[in-house]
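> Sequence:
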Amino acid sequence: MPQSLPPALISIALMGLGPMAKAEEALPKLGPDAVPLTAETTYLRLAPAADYWAFSAFVAPQITDSACSLAAVTAAINGLRGLPAEAESPILTQEALLDAVNSDDWRRATAQDGDGVRFDDLLTYTAAALAATGLDHLEATRFRPLDDSDDTRAALHALLEANEASAEDALLVYYNQGVVTGDWDGPHVALIGAYDLISERVLILEVDREWYIPYWTATETLLAAMLRPAPEVHGPLAGETGGLVHIHPAETGD
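So the sequence shown is residues 1 to 254, counted in the working numbering.
For the record, the hints were derived by calculation from the structure and aren't laboratory data.
Computed beta-carbon distance windows for the label pairs:
no. : residue 1 : residue 2 : range
1   : Gly235    : Asp104    : 15 to 23 angstroms
2   : Pro48     : Trp211    : 28 to 36 angstroms
3   : Val233    : Leu46     : 37 to 45 angstroms
4   : Thr152    : Thr93     : 30 to 38 angstroms
5   : Trp211    : His137    : 32 to 40 angstroms
6   : Arg81     : Leu197    : 24 to 32 angstroms
Keep in mind it's a predicted model, so treat the numbers as computed, not measured. We put the beta carbon where it would ideally sit given N, CA and C, even for glycine.
Could you build the full structure based on these sequences and the hints that come with them?
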């Protein structure tokens with residue numbers, strides 16, 4: 001272990017280094033494409049915001065660095081079920097959901113330092129979670145954009161607007177987190193908390209609570225984040241793009 005220099009010598013050394021001795025300028029917590037919920041509350045105070053009030057209270061931090069899918073699905077199920085009426089009935093935890101689904105693959109993917117999940121996996125595990133928790137009247141379907149065309153944008157806006165109308169359904173988003181936050185370049189899963197049609201902004205209910213709180217972003221930014229492929233550094237997830245998993249009442253035949 002290197003010995004420490006006397007304070008006087010440290011000062012002289014730093015003076016000689018000049019600008020190089022100064023710490024690099026710290027990056028802001030959020031980039032220009034994300035606005036923290038604490039800085040913008042107008043929509044939630046003026047609009048019904050059914051999804052926000054139904055789901056936000058159940059959003060808990062992901063239990064490992066790879067468990068964003070598990071945390072987001074758990075929050076969605078809790079919001080759809082609502083607060084249990086009986087004192088002895090627990091609120092669903094991420095650990096309990098993992099046990100209920102009983103998937104070794106999802107357990108490995110969401111373990112500490114796990115690989116995380118691909119978009120199609122998110123759809124599969126969401127459907128399994130609905131079945132395992134008795135929400136048989138609901139189904140999970142996907143919206144996976146392939147481009148940023150006008151038709152894709154229109155379909156995205158329509159889905160967000162329909163979801164905002166009530167808390168009977170939920171939207172999970174699989175996206176490149178860094179496109180929105182301006183930081184980490186990699187795939188992530190969160191829950192959509194609100195959609196402001198007038199300003200065309202989406203509220204993302206973050207589960208990555210070690211670093212973030214909920215934030216607003218433009219729908220065009222969210223689309224770009226869903227379209228950005230995961231870089232090679234993410235191994236099994238390299239090249240993966242995202243989309244939305246829609247949990248909604250199952251269609252019944254006549």
